[in-house]
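Novice: From first to last, the protein sequence lines stand for chains R and E. Position one of the first sequence corresponds to residue 1 (our numbering), numbered consecutively onward. Position one of the second sequence corresponds to residue 1 (our numbering), numbered consecutively onward.
Zero decoy hints are in this set.
Derived coverage of chain R by chain E (criterion: at least 3 residues anywhere in the stretch with Cβ under 8 Å from a Cβ of chain E; other residues may be distant):
1) 20-29
2) 50-56
Keeping only pairs whose Cα atoms sit at most 27 Å apart, straight-line, the calculated DSSO-like set for lysine-lysine is:
3) K286(E) with K4(R)
4) K80(R) with K102(R)
5) K3(R) with K271(E)
6) K271(E) with K286(E)
7) K80(R) with K77(E)
If you want the ones that stay clear, here's a sample from chain R, every Cβ over 12 Å from chain E, calculated:
8) D15
9) L64
10) S65
11) E98
12) G107
13) P114
14) E120
Calculated from the structure, these hints are not laboratory results. Even for Gly, the Cβ is constructed at its ideal location relative to N, Cα and C.
Listed below are the residues making up each chain.
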Amino acid sequence: MAKKIRVLIAKPGLDGHDRGAKVIARALRDAGMEVIYTGLRQTPEMIAAAALQEDVNAVGLSILSGAHMTLVPRVMDLLKANGQDDVMVFVGGIIPAEDAEKLKAAGVRAVFGPGTATTEVIDALWEAAAEAV
Amino acid sequence: MKAIADRIQEGDRLALARLITAIENDQGDYQEILDELYPLTGKAHVIGVTGPPGAGKSTLVNCLARELKQRKGKGAKIGIIAVDPSSPFTGGALLGDRVRMGFHAIDADIFIRSMASRGALGGIALATDNTALAMDAAGYDPILIETVGAGQSEVEIASLAHTTIVVEAPGLGDDVQAAKAGLLEIADILVVNKAEKPAADTTVASLERMLALGEELKEKQLGVTWHVPLVKTSAIDCEGIEDLTDHVLAHHQFLHESGAWEKCDLLRLSKQVHHLLRESLFGSWKAQLDQKRYNDLMVEVMQHQISPHQAAQILLNEER
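Work out the full structure: start from the sequences and follow the hints.
Specialist: Quick look at the structure:
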């Protein structure tokens, strides 16, 4: 059986808007990936625990609440603490450009704003998977 | 390699997660690690939970895991394997069972793994069984395996379990649908979930009439009698779960006392050995196959000069 890309799609924090996360989850599934969706209102601890148990290649965080500068670094730290520093992290949502730069500097692979084509996300994941081999 | 087996026994969750990935991908030296872990296994009570989509399986597993953990007391570790279907067109899968299990995400004594069925009949059953084996070696007991009961491969996975719980819900079709899906004959415990709905009593009544048939089948297979209980639950509020847990533990005890546990394991393990033999025999036969001869014969088959059956016979007789 071929190696599959496994992706965790998670909604950290308190905003209840998961349309974007579900659209991405569906698009990645249709691109042949195995997508684990966690649902709403996850703490960084819950997300890191799920990423560990599922042994994913990538974690996608969907945040519309504005709390990304708190939540994303926390998830990154926990992944690292669990020995999963090779997991690709990407963020989607309403992220101001300067924050996006800071997140990328902190190790986030890509930040996707509103209007991003799903193919762009898929390509980014394939690219990261190809590098990891 | 030795190190990984050791780490798994010591409770290293990342090592376990990575071993499961290797099992799923059929990749690397996972088989040798499993060989090493095998003597440590055989203790865990494997509980299958199956039923049609939307019956409330994940929600029920969430409640059941919590209740079982409480009953088992301090130090109990629970494994959950949630299998969802892969797309036959893209091979992708959307695994959403964790949505209903958020409660347990940060519990260090519960390990939840989502698996995609990946299409291969027999293959997924083996991967699931090996995953349960890995969890067993890591000290998880019981292990809950959740599958959508909608076809042969799902029924096959459920048949690996010591105790199979079939979950039905009102409004998902009449008793003919339930009989058609072949789910009732594999049930050790039958659950009617969403008992808060008004139609629940009708569902209970029609399922009760169907139950007797399944019992006879199981009896033939294992040679012992177990009366399948029908339990009403409302998993959204974890109602009826204590009752269900009582039946799960009673079935566990019944299996040990009646000797059915050994029979169940023997059936399961010989199935596994057969599967591995088939794979390996076919693999080595294929390796010595004269590809040109094969292609020539296929041309004859395509032109309807010989049948596929005749082609296979010729190839078998020419085996070196």
